[in-house]
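**Student:** Quick note, the sequences are listed as chains S and V, same order. Counting from 1, position 19 in the first sequence corresponds to residue 19 in this note's numbering; the numbering is continuous, with no gaps. For any residue, its number in this note's numbering is found by taking its place in the second sequence, counting from 1, and adding 114.
Some hints here could point you the wrong way.
To be verified - In silico DSS-like cross-links for lysine-lysine, where the CA-CA straight-line distance does not exceed 30 Å: (1) K180(V) with K42(S); (2) K169(V) with K57(S); (3) K155(V) with K5(S); (4) K42(S) with K109(S); (5) K169(V) with K42(S).
FYI, nobody ran anything at the bench for these hints, they're computed from the structure.
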Amino acid sequence: QQQVKQSPQSLIVQKGGISIINCAYENTAFDYFPWYQQFPGKGPALLIAIRPDVSEKKEGRFTISFNKSAKQFSLHIMDSQPGDSATYFCAAISRGNNFNKFYFGSGTKLNVKP
Amino acid sequence: GAVVSQHPSRVICKSGTSVKIECRSLDFQATTMFWYRQFPKQSLMLMATSNEGSKATYEQGVEKDKFLINHASLTLSTLTVTSAHPEDSSFYICSARKVSGELFFGEGSRLTVL
Chain S
1 QQQVKQSPQS
11 LIVQKGGISI
21 INCAYENTAF
31 DYFPWYQQFP
41 GKGPALLIAI
51 RPDVSEKKEG
61 RFTISFNKSA
71 KQFSLHIMDS
81 QPGDSATYFC
91 AAISRGNNFN
101 KFYFGSGTKL
111 NVKP
Chain V
115 GAVVSQHPSR
125 VICKSGTSVK
135 IECRSLDFQA
145 TTMFWYRQFP
155 KQSLMLMATS
165 NEGSKATYEQ
175 GVEKDKFLIN
185 HASLTLSTLT
195 VTSAHPEDSS
205 FYICSARKVS
215 GELFFGEGSR
225 LTVL
């Protein structure tokens, strides 16, 4: 059973547009939700993360929106740039199990057109 | 962000040989490190969880005698693919967890078994 469901699988956005990637989870014990950015042939890099006590976190052009009641969280990339073209993974984990297992979404391949 | 170094980034070996991949946390101590395998255009598949000074915990379906993991210090974990075969060719990625719970990934190692 997939613990974290991510959509869409792929996304094409024009330069300057907003990219939105969504994730949903079932386990209410999850209390840490990071997003990772991965370029081809490289390891994932931590982009931004949120804890469930806040509904939104913004870092530069990247924003996480968190809806605890709906058990959903999303990544918004404002003013998308060709350099943002990469695969994005959401993840969820429970601090209660000592962070011993991260559950990853299936990934979204973002292509920002010039 | 924290730095996790993975080496080698690429390795080509003959079938039947063993290959060792190193994962080092350069600027923090990681009591827990994780090893993942990633197939093309797919998400990260957790292979094992490595705790410093103890035996690794392998995920279901991962052969522990095939994929030997050693976590001898707080900054180093190694993955040895023993008697490698072409089906072991893949992208292997390590990650290290900070005490705060944040997870940082290495750059990945591309293994090609001829």
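**Student:** Decide if the proposed pair is consistent with the structure: K169(V) and K42(S), CA atoms, cutoff 30 Å inclusive.
**Tutor:** Holds: K169(V) and K42(S) sit about 28 Å apart, inside 30 Å.
**Student:** Please verify whether K169(V) and K57(S) have alpha carbons no more than 30 Å apart.
**Tutor:** Judged against 30 Å, a Cα distance of about 37 Å means the pair is violated.
**Student:** Regarding the pair K42(S) and K109(S), is the alpha-carbon distance no greater than 30 Å?
**Tutor:** 14 Å, holds
**Student:** CA of K155(V) to CA of K5(S), is that 30 Å or under?
**Tutor:** Roughly 16 Å separates the two Cα atoms, so the pair holds.
**Student:** Taken at face value, is the distance from the CA of K42(S) to the CA of K180(V) at most 30 Å?
**Tutor:** OK: K180(V) and K42(S) at ~24 Å, within 30 Å.
Against the hints set out earlier in the document, a violation occurs for number 2 only.
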